[in-house]
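J.: Each chain, written out:
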Amino acid sequence: MILQLLVNGIITGSLISIMAIGFGIIYSTTNFFHIAYGSVYVVAAYIMHTFLSWHFPFIISLAMSLFFAVVIGVLIELLVYKPLHKKRAPQGIYLISSLGVYILMINITALIFGNETKLLSYGIEKSIHFGDVILTKIQIAQCVTFILLSILSLFFMHYTRIGKTIQAMGCNARLLEFCGVNLQKLRFIIFAIGSFFAGVASILTGLDVGIDPYMGMIPLLNAVTAVILGGIKRIEGIIAGAFFIGITQNLVIGYLSGRWESVVTFSMLILFFLYQSGGIIKVKKRAEEL
Amino acid sequence: MPTITEKENTVLSVRGLKKSFGGQAILDDISVDLKQGEVVLLRGENGSGKTTLVNILTGNLEPDKGEIHLNFNGNKELFSWPRHWWKALNPFDHFTPERLVWEGVGRVWQDIRLFPTMSTLENVMVFAPGLRGENPVLALISNCAKKENRQNKKISSEWLGKLGLGDRLDSSCDKIPLGQMKRVAIARARPQKPWILLFPSSSFGMCLHRKLQLLFSIRSGNG
Ligand SMILES: Nc1ncnc2c1ncn2[C@@H]1O[C@H](COP(=O)(O)OP(=O)(O)O)[C@@H](O)[C@H]1O
Ligand SMILES: [Mg+2]
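So the sequences go chain by chain: A and B.
Reminder that position 7 of the first sequence reads as 23 in my numbering, one-by-one numbering, no gaps.
Reminder that position 209 of the second sequence reads as 221 in my numbering, one-by-one numbering, no gaps.
The set of hints was computed from the structure by calculation and includes no laboratory data.
As the structure is a computational prediction, the values presented were derived from the model and not from experiment.
Among these hints, one or two may not hold up.
Unchecked claim - 25 Å max Cα-Cα, derived PhoX-like pairs, lysine-lysine:
{"no.": "1", "chain 1": "B", "residue 1": "LYS187", "chain 2": "B", "residue 2": "LYS158"}
{"no.": "2", "chain 1": "B", "residue 1": "LYS159", "chain 2": "B", "residue 2": "LYS187"}
{"no.": "3", "chain 1": "A", "residue 1": "LYS201", "chain 2": "A", "residue 2": "LYS103"}
{"no.": "4", "chain 1": "B", "residue 1": "LYS166", "chain 2": "B", "residue 2": "LYS187"}
{"no.": "5", "chain 1": "B", "residue 1": "LYS62", "chain 2": "B", "residue 2": "LYS77"}
{"no.": "6", "chain 1": "B", "residue 1": "LYS47", "chain 2": "B", "residue 2": "LYS30"}
{"no.": "7", "chain 1": "B", "residue 1": "LYS77", "chain 2": "B", "residue 2": "LYS88"}
{"no.": "8", "chain 1": "B", "residue 1": "LYS174", "chain 2": "B", "residue 2": "LYS205"}
{"no.": "9", "chain 1": "A", "residue 1": "LYS98", "chain 2": "A", "residue 2": "LYS249"}
{"no.": "10", "chain 1": "A", "residue 1": "LYS201", "chain 2": "B", "residue 2": "LYS158"}
{"no.": "11", "chain 1": "B", "residue 1": "LYS77", "chain 2": "A", "residue 2": "LYS249"}
{"no.": "12", "chain 1": "B", "residue 1": "LYS205", "chain 2": "B", "residue 2": "LYS159"}
{"no.": "13", "chain 1": "B", "residue 1": "LYS62", "chain 2": "B", "residue 2": "LYS47"}
{"no.": "14", "chain 1": "A", "residue 1": "LYS201", "chain 2": "B", "residue 2": "LYS205"}
{"no.": "15", "chain 1": "B", "residue 1": "LYS194", "chain 2": "B", "residue 2": "LYS165"}
{"no.": "16", "chain 1": "A", "residue 1": "LYS103", "chain 2": "B", "residue 2": "LYS165"}
{"no.": "17", "chain 1": "B", "residue 1": "LYS205", "chain 2": "B", "residue 2": "LYS47"}
{"no.": "18", "chain 1": "A", "residue 1": "LYS249", "chain 2": "B", "residue 2": "LYS187"}
{"no.": "19", "chain 1": "A", "residue 1": "LYS249", "chain 2": "B", "residue 2": "LYS194"}
{"no.": "20", "chain 1": "B", "residue 1": "LYS159", "chain 2": "B", "residue 2": "LYS174"}
{"no.": "21", "chain 1": "A", "residue 1": "LYS201", "chain 2": "B", "residue 2": "LYS159"}
{"no.": "22", "chain 1": "A", "residue 1": "LYS102", "chain 2": "B", "residue 2": "LYS77"}
{"no.": "23", "chain 1": "B", "residue 1": "LYS165", "chain 2": "A", "residue 2": "LYS201"}
{"no.": "24", "chain 1": "B", "residue 1": "LYS194", "chain 2": "B", "residue 2": "LYS166"}
{"no.": "25", "chain 1": "B", "residue 1": "LYS165", "chain 2": "A", "residue 2": "LYS249"}
{"no.": "26", "chain 1": "B", "residue 1": "LYS158", "chain 2": "B", "residue 2": "LYS205"}
{"no.": "27", "chain 1": "A", "residue 1": "LYS249", "chain 2": "A", "residue 2": "LYS153"}
{"no.": "28", "chain 1": "A", "residue 1": "LYS201", "chain 2": "A", "residue 2": "LYS102"}
{"no.": "29", "chain 1": "B", "residue 1": "LYS88", "chain 2": "B", "residue 2": "LYS30"}
Pulled out of the complex, with its shape left as it was, chain A reads as follows:
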């Protein structure tokens, strides 16, 4: 049983990782909680559902869903965050606006598609036995996708020019302008990449357990927790945080009850906030040199 729980934990951790890498890349560079990320997650799943219901092949529906996830993510940046950025709005304003966008998009989704759970795949998944451990095909797909995406993003962040630029933006965005980087363009790229990850996580989850308009909040909060626990500076840290949460949640489900799952995650988050040192406080800069 412990083995099965650990394997389930790894699968949960994979899904949280995908979500958290995308969230982390946005959070580490823009320094605000992009809550509307949760609604990108939801809408991506519904776009997949719509294309499937129009009898498009799976692969085209998948591509369209990811494409629209990226478009929606960039549109949120363009229509909501960019104007705030121009006005140099304080962090709190971003948070509230983002929450507003989240609620708006979730309600529109619910209005169009209804509140009930819908499925992205029909039929009962064939399960595969490895000794005592049981896995479904979609769970294997979740793990494999995670491995591919994490290798890709580690390579991207450590060995490419744009990866270094994104890392530098996390340190000091204004200074990056003096490297000849167009910050606005870079923000588009960052929101596009992040939203792509949300789309992938959403579809992988939807194929497994179905979709409903309120499916976004828990994965979002898991991602936030993973990013906070693991530290935003490194993707390795985010993945470690995600796996820690995933495995803990599954052990709790196994030995206590499913109802305690979220309680444990957020207790960890609160404990971390209470006892961590530094990180939240930023070094002050001289105002006159801009």
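Go by the hints and put chain B with the ligands onto chain A.
T.: The following block gives chain B with the ligands in isolation, referenced to the frame of chain A:
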């Protein structure tokens, strides 16, 4: 005030620059001419507006009035204020730090200003503007982008080596001594290939002679 005589090797000329903060004029009718290969010292009392002038010349602040002419290797640019409304409509003609870096204005800061959690080498590499690898798709698939990146790495590490930081390429910039941080800040000006380098002499502890030598070698680096 110098007279307006257009000389061949003038790289920067500023005319009638005005800037005020909250109604108080900090810069009033400033004119500057810089020629190629020239080292100019900007002096003034504390609060006399030196930093403000530098902030304007790097595209950080827009002046209220005046003209800035750039002439780098025959590539001429004119920015003038107050700006006409039709100029504001053109998305490619904005006066931004990023634009001026592309034109060839480099800057070293009084307070050094490195990217703290990145290595010294990465700090220098990031300062090379306009590489193809800034496009995420090209960064992953294009060989040109990879080649450019390797070239950039080579130049940046050579330059750090020249400044005596050859064994510090992988050190995180928030963990090295202040003197080395300053040298990283200077090394960063290299991949930028600036035509003009704005340099705060006050806060850099190295002897002036060595600094000027460095300045000249940076200039000669771009012919
Ligand atoms: N962003 C700003 N807003 C308002 N006043 C400013 C700003 N930047 C500089 N000043 C004022 O402009 C004056 C000149 O400052 P500064 O350019 O830093 O002088 P210096 O660098 O020569 O010591 C100072 O009185 C300063 O208070
Ligand atoms: Mg000053």
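J.: All hints are to be evaluated individually against the structure, with a verdict given for each.
T.: Outcome of the hint check:
Between LYS187(B) and LYS158(B) the alpha-carbon distance is near 29 Å, which puts this suggested pair outside the 25 Å criterion. For the suggested pair LYS159(B) and LYS187(B), the alpha carbons sit about 30 Å apart, so the restraint of at most 25 Å is broken. At roughly 18 Å between alpha-carbon atoms, LYS201(A) and LYS103(A) fall within 25 Å of each other, so this suggested pair holds. Between LYS166(B) and LYS187(B), the direct Cα distance comes to roughly 23 Å. Compliance with the 25 Å bound is thereby established for this hinted pair.
With a C-alpha separation of about 17 Å, the suggested pairing of LYS62(B) with LYS77(B) holds against the 25 Å cut-off. In summary, the hint linking LYS47(B) to LYS30(B) is supported, as the alpha carbons are separated by about 22 Å, within the 25 Å threshold. Taking the CA atoms of LYS77(B) and LYS88(B), the gap is near 20 Å; set against the 25 Å cutoff, the hint holds. Distance hint between LYS174(B) and LYS205(B) is fulfilled; the C-alpha atoms sit about 16 Å from each other, no more than 25 Å.
Straight-line distance between C-alpha atoms of LYS98(A) and LYS249(A) comes to about 23 Å, which keeps the hinted pair within the 25 Å bound. Taken as a hint, the LYS201(A) and LYS158(B) pair is honoured in the structure, with Cα atoms around 21 Å apart against an allowance of 25 Å. For the given pair, LYS77(B) sits about 42 Å from LYS249(A) by alpha-carbon distance, which is inconsistent with the 25 Å threshold. For the hint linking LYS205(B) to LYS159(B), the alpha-carbon distance of about 19 Å falls within 25 Å, and the restraint holds.
Of the pairs offered as hints, the one joining LYS62(B) and LYS47(B) holds, with about 19 Å between alpha carbons and a cut-off of 25 Å not exceeded. For the hint linking LYS201(A) to LYS205(B), the alpha-carbon distance of about 23 Å falls within 25 Å, and the restraint holds. Between LYS194(B) and LYS165(B) the CA atoms are separated by roughly 20 Å; this keeps the pair inside 25 Å, and the hint holds. Between LYS103(A) and LYS165(B), the direct Cα distance comes to roughly 37 Å. Violation of the 25 Å bound is thereby established for this hinted pair.
Between the alpha carbons of LYS205(B) and LYS47(B) the distance comes to roughly 16 Å, so the proposed pair stays at or under 25 Å and holds. With a C-alpha separation of about 16 Å, the suggested pair LYS249(A) and LYS187(B) falls inside the 25 Å cut-off, and the hint holds. Restraint check: the Cα-Cα separation between LYS249(A) and LYS194(B) comes to about 24 Å, which is no more than 25 Å; the hinted pair holds. For the proposed pair LYS159(B) and LYS174(B), the alpha carbon gap of about 23 Å is at most 25 Å, so the pair holds.
For the hint linking LYS201(A) to LYS159(B), the alpha-carbon distance of about 23 Å falls within 25 Å, and the restraint holds. Restraint check for LYS102(A) and LYS77(B): satisfied, since their Cα atoms lie roughly 23 Å apart, inside the 25 Å limit. Straight-line distance between C-alpha atoms of LYS165(B) and LYS201(A) comes to about 24 Å, which keeps the hinted pair within the 25 Å bound. Our distance criterion of 25 Å between C-alpha atoms is met by LYS194(B) and LYS166(B), whose separation comes to about 21 Å.
Restraint check for LYS165(B) and LYS249(A): satisfied, since their Cα atoms lie roughly 22 Å apart, inside the 25 Å limit. A hinted pair counts as satisfied when its Cα atoms are at most 25 Å apart, and LYS158(B) with LYS205(B) qualifies at roughly 20 Å. Distance restraint check for LYS249(A) and LYS153(A): the Cα-Cα separation of roughly 33 Å exceeds the 25 Å cut-off, and the hinted pair is therefore not satisfied. Under the criterion of a C-alpha separation no larger than 25 Å, the hint pairing LYS201(A) with LYS102(A) is consistent with the structure, at around 14 Å.
Restraint check for LYS88(B) and LYS30(B): the C-alpha separation of about 22 Å stays at or below 25 Å, so the hint holds.
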